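Peer 1: These protein sequences, in sequence, are chains D and P.
The first sequence lines up with residues 1 to 114 when you count with the working numbering.
The second sequence lines up with residues 1 to 114 when you count with the working numbering.
Read the hints as simulated data drawn from the structure, not as lab findings.
Only a predicted model underlies this, so the values are computations on that prediction, with no experimental measurement involved.
Some clues are possibly wrong.
The calculated lysine to aspartate or glutamate pairs, modelled on EDC-like cross-linking and capped at a C-alpha distance of 20 Å, are [unchecked claim]:
hint	chain 1	residue 1	chain 2	residue 2
1	P	Lys-68	P	Asp-24
2	P	Lys-56	D	Glu-82
3	P	Lys-37	P	Asp-24
4	P	Lys-54	D	Glu-102
Now the stretches of chain D that chain P is said to cover, found in silico as 3 or more residues with beta-carbon under 8 Å [said to hold, decoys possible]:
hint	region
5	28-40
6	43-56
7	102-113
We put the CB at the ideal spot given by N, CA and C, even for glycine.
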Amino acid sequence: KAGVTQTPRYLIKTRGQQVTLSCSPISGHRSVSWYQQTPGQGLQFLFEYFSETQRNKGNFPGRFSGRQFSNSRSEMNVSTLELGDSALYLCASSLQGVRYNEQFFGPGTRLTVL
Amino acid sequence: DQQVKQNSPSLSVQEGRISILNCDYTNSMFDYFLWYKKYPAEGPTFLISISSIKDKNEDGRFTVFLNKSAKHLSLHIVPSQPGDSAVYFCAARGQETSGSRLTFGEGTQLTVNP
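One chain only, chain P, in its complex shape (with noise of 0.2 Å):
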């Protein structure tokens, strides 16, 4: 049961342009959601969060938005530079859970074209 999806395994955009990284999920105890990026080679580093008692977050070049009553999220990603291109996952948190533990989507990699 994949409670966390990332349905689009590749993107492709121009230098300077948006990008947008969508991520659904199903369980609704999840309560707070986070995106990472990685290189090969490299492990994830994060990239921005949002508490679901947001709708918005911005930091940078960077939003995420979240729509609790779809259960969706997305990064926004303005302007897009090549070397964001890496691949994106989101990830999970849920209101029962201590600690750290996260669920993740498969991850989407993004390529952005000179």
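So that you can see chain D by itself, here it is in the shape it has in the complex (with noise of 0.2 Å):
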């Protein structure tokens, strides 16, 4: 079975732009996570996805923003690009949403602001 995957994997936007990024959760997954991480903060819950619909969200600003589509697969995007928005961008995936099941993450997409 094909793993969670992201794309692209590399990204180098500037400030003010925007970026969208992409995910394809495990076949037969429903609920999609997407996490930032940067250096010393661990990884930051950015939003939950399951059936299309935004289930949890973090604390990040109106910037950050995701959807759901039909097929499970998911985006993020982050609108007027911040040097501070610079992480690694982690999805997640898991069935179902079911309390205590285990998440699949992705190789997560190297985002760069200059």
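Assembly of the complex is requested from the two constituent chains, each provided in isolation within its own frame, with the hints serving as guidance.
Peer 2: Okay, structure coming up:
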């Protein structure tokens, strides 16, 4: 079974631009979560989508948004990029979002904002 | 407010010895805890988990201990191997959380020397 895939793997943007990142979950997984990883900060939860609906949201500004499609693929968008948005963005999928079930992470998209 | 803290950014041990990684949490609503391992350029990989109704869970060389009164958990790796060198993240899920949202610590870089 193929794992979680994220595209692109690396991205360089300049301040003020916007960016869209994509995540394809493991086949059959309906829950997709997004996390931001910066040095020394661990992984910060952005949001979770389940059955095309946002179910949980972390403490990030409105410039960060996401969506999920009927095939469970998810995208996240960051508008008006700031230098501090440079980070590794990780996507994780899990079965139906049932409590206690394991999340599987993709390799991440490394975003650099210049 | 960092609800999950890993106070040691790095740990170095000799091959064959025990590695002990520690994690503290502040939120008493957390009832499920996980450890993930992350290699560079890869997403985190699930290692082991423990529910708050237990105080120990073992899987091969990996054992997680939970001390609810101290709000502390630890991961023991015995014996440590060079291939265990990676960043280890502690994560927690709250009772009140539906779905898959996890709160992560900042990570501990484990280096196992041959």
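Peer 1: Against each hint, give a clear statement of whether it holds in the structure.
Peer 2: A quick look at each hint next to the structure:
no.: 1; hint: P/Lys-68 with P/Asp-24; in the structure: 10 Å, holds
no.: 2; hint: P/Lys-56 with D/Glu-82; in the structure: 43 Å, violated
no.: 3; hint: P/Lys-37 with P/Asp-24; in the structure: 17 Å, holds
no.: 4; hint: P/Lys-54 with D/Glu-102; in the structure: 18 Å, holds
no.: 5; hint: 28-40; in the structure: holds (count 4)
no.: 6; hint: 43-56; in the structure: holds (count 7)
no.: 7; hint: 102-113; in the structure: holds (count 7)
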